[in-house]
Amino acid sequence: MATEMMISIVNPESPDGSDKQYEIKYLEYTLSTVVTIKPSSVDKWISDIEGTYHDRLDSLVVGLDIEWLHNDSKKVEHRAATLQLCVESSCLIFQIIHATEIPMSLKNFLNNPQYTFVGVGIEYDVEKLFRDYELVVGRKSELKTLAVEETGVKTVLNKGLTELAAMVLEKDKETMKLESATMSPWDEKQLTLEQVQYASVDAFLSFVTGKILLFGKQS
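If you're matching positions, the sequence shown starts at 1 in the numbering used here and goes up one per residue.
No lab work stands behind these hints, which were simulated from the structure alone.
Accuracy of the hints is not assured; some may be wrong.
[Claimed, not checked] FRET-style restraints, in silico, Cβ to Cβ: (1) Val136 to Arg56: 29 to 39 Å; (2) Ser47 to Lys154: 37 to 47 Å; (3) Thr100 to Glu50: 15 to 25 Å; (4) Lys154 to Lys217: 14 to 24 Å; (5) Thr182 to His98: 12 to 22 Å; (6) Lys189 to Phe130: 30 to 40 Å; (7) Glu134 to His70: 15 to 25 Å; (8) Asn158 to Asp55: 21 to 31 Å; (9) Asn158 to Met183: 32 to 42 Å; (10) Lys154 to Glu188: 38 to 48 Å; (11) Gln190 to Val153: 20 to 30 Å; (12) Pro113 to Gly51: 15 to 25 Å; (13) His98 to Tyr124: 17 to 27 Å.
C-beta atoms are modelled at their ideal positions from N, C-alpha and C, and glycine is treated no differently.
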């Protein structure tokens, strides 16, 4: 059974329709998500994160995920449509496929050797970001590998993100499940509420799982 969530638009669209901010209630967490195509909004999100956590940037953990349009043909692979980043409860969905340019702040953020980007299948995501946009992620950790190192149980490698997060957070995985939006049209300029929820929660679960595996529950 999929988890019921509350999602609301915090502020109306910007005049050019390029920005929206959402509040998402998931389990006991409240996530704040910015959805944008604007490089300047990416600049601001990164600036806010680095300002808020300025005293621990040398141990900053960032949840990372991407989405793209899937099809039935194995011969065609579409470019990444969205890049999701999450630190604590602050999430960014950058609709990179519609952006006029990729800001230097994002290039520097992703390639900062002090920051650790975490996710399930992150090697593939990182390779795709480089193939599609020549973006380089400097330091990355696969959540499944971290979990095996922590638990010594190799069957963890068979778990998906939600199941892995449930194990690390010590929660019932059935209460954490979302309706999958993986096959959604991620290249659309206007994302649905379901897409925003799915992308935000995936990035958040990557973050919180990675933070605990790297630094423990008291971090």
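Results for each hint:
no.: 1; hint: Val136 to Arg56: 29 to 39 Å; result: violated, 23 Å
no.: 2; hint: Ser47 to Lys154: 37 to 47 Å; result: holds, 41 Å
no.: 3; hint: Thr100 to Glu50: 15 to 25 Å; result: holds, 23 Å
no.: 4; hint: Lys154 to Lys217: 14 to 24 Å; result: holds, 23 Å
no.: 5; hint: Thr182 to His98: 12 to 22 Å; result: holds, 19 Å
no.: 6; hint: Lys189 to Phe130: 30 to 40 Å; result: violated, 24 Å
no.: 7; hint: Glu134 to His70: 15 to 25 Å; result: holds, 23 Å
no.: 8; hint: Asn158 to Asp55: 21 to 31 Å; result: violated, 38 Å
no.: 9; hint: Asn158 to Met183: 32 to 42 Å; result: violated, 22 Å
no.: 10; hint: Lys154 to Glu188: 38 to 48 Å; result: holds, 39 Å
no.: 11; hint: Gln190 to Val153: 20 to 30 Å; result: violated, 42 Å
no.: 12; hint: Pro113 to Gly51: 15 to 25 Å; result: holds, 20 Å
no.: 13; hint: His98 to Tyr124: 17 to 27 Å; result: holds, 22 Å
This entry does not satisfy hints 1, 6, 8, 9, 11, going by the numbered hints stated previously.
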